[in-house]
Amino acid sequence: MTPEQAASYRTGLIALAREEIDDAEPVLAALAEELPEDADVQAFLAATWFAQGRIEEALETMSLALTLGPERFAPNIKAGELDLRLGDLDAAQLHFQQALRVAAHGSRDAAAARTLLGETRRRAGRSIARHASFPRWRRPAIIQRPVRGLLTTPVEDGGIIE
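Each step along the sequence shown adds one to the number in numbering that gives the first Met the number 0, with nothing skipped, and position 159 is 158.
Please note: incorrect hints may appear among the correct ones.
Unchecked claim - Ranges between beta-carbon positions, derived for each pair:
1) P35 - R125: 37 to 47 Å
2) S126 - P69: 23 to 33 Å
3) P35 - R120: 30 to 40 Å
4) P2 - S126: 45 to 55 Å
5) E3 - D87: 13 to 23 Å
6) R120 - E3: 37 to 47 Å
7) T114 - A50: 13 to 23 Å
8) R53 - A90: 17 to 27 Å
9) P25 - H104: 34 to 44 Å
To be clear, the hints were calculated from the coordinates, so they are not data collected in a lab. Cβ atoms here follow ideal geometry from the backbone N, Cα and C, with glycine treated the same way.
Using the sequences and the hints given, assemble the complete structure.
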């Protein structure tokens, strides 16, 4: 990455951080064309397109970013954020765990990944998919077990002897 490209990259990231999506998109799109093998640029471009509502393009670009840099922090943290927003908590958790693995211990990146991983686990704990189970079957009052000490053998006339 040349110094001009690095400056452009910083400009795009600052605009993205300020949620100035319309300013970040052309900068990151131009960089992605210049640097098609840069996983971080692809990941931030995917996040920008996702914020613009271009979901299909964002998912394709994120897939490319993860292919280019499966062991990089930015593609994993951004993929986790997209998965979290789309409701795929299991995939989000895997991406955040990978981001945490590759982040330097004690860094801001590690803190961000740890925070997002915790949020994902909290949401997963409250998820209906985690709580769904078969209902417990309770015996109706008619079929209750007999009280101990009572003989429950029917007599020929159909009564019960006590």
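Review point. Can the suggested window of 17 to 27 Å be confirmed for the beta-carbon pair R53 and A90?
Key: At 20 Å between Cβs, range holds.
Check your understanding: Lying within 45 to 55 Å: is that true of the beta-carbon distance P2 to S126?
Key -> 46 Å, holds
Check your understanding: Does the hinted range 34 to 44 Å hold for P25 and H104 at CB?
Key -> 36 Å, holds
Exercise for review: With respect to the beta-carbon atoms only, verify the hint that R120 and E3 lie 37 to 47 Å apart.
Suggested key: 42 Å, holds
Exercise for review: Given the range 23 to 33 Å, decide if the beta-carbon distance of S126 to P69 lies inside it.
Suggested key: 27 Å, holds
Exercise for review: Return holds or violated for the Cβ distance of P35 and R125 against the range 37 to 47 Å.
Suggested key: 40 Å, holds
Practice item. Can you let me know if the beta-carbon spacing of T114 and A50 is within 13 to 23 Å? Key: 20 Å, holds
Review point. So does P35 sit 30 to 40 Å from R120, Cβ to Cβ?
Key: Given a distance of about 35 Å, which is inside 30 to 40 Å, the answer is holds.
Exercise for review: Note whether the CB distance of E3 and D87 lies within 13 to 23 Å or breaks it.
Suggested key: 37 Å, violated
Checked against the numbered hints given earlier, the structure breaks only hint 5 and satisfies all the rest.
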